[in-house]
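Student: Protein chains in written order, with this note's numbering: chain W, 1 to 281; chain P, 1001 to 1254; chain Z, 2001 to 2261.
Hints are computed from structural coordinates only; laboratory data are not their basis.
Keep in mind the model is a prediction, meaning the values are calculated, not measured.
There may be inaccurate statements among the hints.
With a Cα cut of at most 30 Å, we get these calculated DSSO-like pairs of lysine-lysine [claimed, not checked]:
(1) Z:Lys2100 <-> P:Lys1017
(2) P:Lys1143 <-> W:Lys10
(3) W:Lys10 <-> W:Lys21
(4) Z:Lys2100 <-> P:Lys1078
(5) W:Lys21 <-> W:Lys7
(6) W:Lys271 <-> Z:Lys2258
(7) P:Lys1143 <-> W:Lys7
(8) P:Lys1184 <-> P:Lys1239
Label-pair restraints from in silico Cβ distances [as the list claims (entries may be wrong)]:
(9) W:Val123 <-> Z:Asn2097: 37 to 43 Å
(10) W:Lys9 <-> P:Ser1192: 31 to 37 Å
(11) W:Trp189 <-> Z:Lys2228: 48 to 54 Å
(12) W:Asp175 <-> P:Gly1008: 50 to 56 Å
(13) P:Gly1008 <-> W:Gly12: 53 to 59 Å
No residue lacks a Cβ here, since even glycine has one placed at the ideal position from N, Cα and C.
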Amino acid sequence: MEATYIKRKKDGRIHIMSGNKGDIVLKWTIIILAILTVVAFLFFNYAGLELGSAIRETAYNLKVMFLEPTLNHFDLGEAFYQIGITLGLAFLATIIGAVIAFFLSLMTAANLAPVWVSRTVRVFVAIIRAVPTVLWVLIFAIAAGLGSEAAILGMLFHSIAYLVKAFSEAFEEVDKGIFEALRSTGANWWHIVKSGVLPSTFTYLLSWTFLRFEINFGVAVAMGAAAGAGGIGFELFMASSFYFDLREVGFITYSILIIAFLLEVISTRLKKRYFPATTTK
Amino acid sequence: MSLLTVEGLGKSYTADKQILKNINFEIKAGEFVSIIGPSGAGKSTMLRCINRMVEFNEGNILFNQQDVGSLNKKGLRKLRTNIGMVFQHYNLVPRLTVIENVLHGRFGYKTTFQGLLGRYTEEEKERAFYLLEKLGIHEHAYKRCDQLSGGQQQRVGICRALIQEPKLVLCDEPIASLDPNSSKIIMDHLKSISTEMGITCLVNLHQVEVAQHYSDRIIGLNNGEIVFNGTAYELTQEKINHIYGTKTKDLIIA
Amino acid sequence: MNEKTMRKHRWQSGIFLLILIVLTYLSSAITTFNFMEGMATIPEAMGWIFSNLLVSQESFEKLPKILEKLAETIFMSIAATTIAAVVSLFLGVLGSNTTKVNNFLSVFARFIASVSRNIPVVAWSLILLISFGQNSVTGFLALFAGTVGFLTRAFIESIDEASQSSVEALTATGATYFQIVGKAVIPQCLPQMISWVLFMVETNIRNATLVGILTGTGIGYTFDMYYKMLNYNVVALITLCIVITVIIVDLISNYVRKVIL
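This is chain W alone, in the form it adopts within the complex (with noise of 0.2 Å):
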């Protein structure tokens, strides 16, 4: 008299998972995860690590920093020139990213491009993602040598990459009505653009794009230390690798801190305001 809806494993135990593909993928990759991550700790190259040491140091190290921040090298004047070099980095990197992403996600939307031209830019987007930007950078600093040129070249490409992809969603998800309703009013497709999609979108963009600007200001400084843009990184770099200044150090560290709060407490209200249901990338 056994009800045929209950399913039992061999030892007469009732099942209560439902064991579909989505929670079996989620498992697996958890375990493959986990897996991949203690051969990691087994293949790593210990070469010259004293962890006991390590760890003393470093906390010495960010007990100077954080308690003792001083300039050396410059005075405060310099600081904030150079702070306003790699915010001048991020910004223009911004600004001419988001002015491209506009007319290539115009491309890439679902609802205003043919599915061709959709697939291809999505591809190159894909490609100019999957590079790295501080190898961007290095790649134009070749041709272009190094400086403020290459920098903003190599970060561009990630900008338009970031923001096509959110420009996208965000004309994908106007109304159908709209485009119909402009439709048969005869209107063309600048038109649709103009008055149909920007209206409607306009907000958003202005956000995704200044969310991607506190994304750049953390990649200017990157690029300033890694491939010698100059501005804040760059002097991060010189700071700790050349004249292994602790102090000052923890004072660059600081004021990139400052930055980067208050650019994050801006996002943070943006994105309350203009988005509050979803997560951003």
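Using the hints provided, position chains P and Z relative to the given structure of chain W.
Tutor: Using the frame of chain W, we list chains P and Z on its own:
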């Protein structure tokens, strides 16, 4: 014998606005009682004071001769296992199966570890299936909850409350998000819970007719105060107007 | 919408545009960036890339060495991400408004996350390099530090979004705090969280290149070495390897995401 006694209950979030004022009522074991009143009258808050999902400021609540207000953490947990709760939005874990969601109702009886490891006894699982069958959703037992319709999800919610083996079930607008058909099914099930299983039901409702049709007794709440407490028969049109007071008047004038 | 608000709107847009132009001008001035020159270098750079950045026969001899370093980088990224995910899970649960234990710990968790996220990976690498030396652990820790911050914020958002209602229901059944977190909150948010973790693995492989250049580990170090030796054929091969890796990881995570979400 009264299962639940509420005396002088008061609740305010801010000093100047009282959500509930001097609420007094009693509920006998096995009764089916509806609470009606306009939105913002304090129905939800009142329901949640009973199992202290919301802490109240004044008065006493006695449940099963126990002073609810003075319970410590452990006592509160014990109290909550004895009171099932059904929500307007079902409040299930959407990614888990129906049967897992039902078994969540047993957490109150388990240690933290048993619960975390999902150690349910075979009797509990059998019981869960029995309840699902009783509410007619046993074929969906292994489906994810977000694949079910609203009415089906609400039935899962009821099963979760029943598997607690509660003495009292609190229902917060159980049919407010459902279509008329599903609403009827849900209300019929709730009614049979009280008549067949002898479990007391306290239901917040929006629809006066539904309340009149199903309840042994109706409590009318307006602006944080009880303005009616009697049988469906005693609830005349005049009384209804009194409960929904100002609103109906506004409508007529407008 | 009357004419007055329309005009006000237009006026605001004008001001906004003006501010953007001024900022662009200031940025160009401070970074000595010449827009025209910059744009002009693009075709030049592209031309250079297509004529010099080619994988040659002899560069293939370096492939085993490159793959070994690439593997180190991938493992470093995965290990950093998963360990960070475990830490972030705790911080996320403490930090979320739905599941916080108390306000102090919530603010504390958010503060840790914010600091670790906002100190750039570069700074972590440079600081750790001083005492940990040139090895995988340095890269691992630098990536770990940045990832904890990012994932904690993402996890807090997932938890906040997903689970308020089921938390209420389980509280009402008399479940304990850990039962609620373990059986309602985490199952609910897990797919979202794994999706973030996969995203972070991919990001970290790219960041590992940067960290590698600074700390002398993994594929970044190899890249930097051949870059400085002006051996662009090998540079091209390394870039290609990284691109293929990232795209494969991207495809895998997209597949997983599609199935689990």
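Student: Going back to the hint list, which numbers does this structure go against?
Tutor: none
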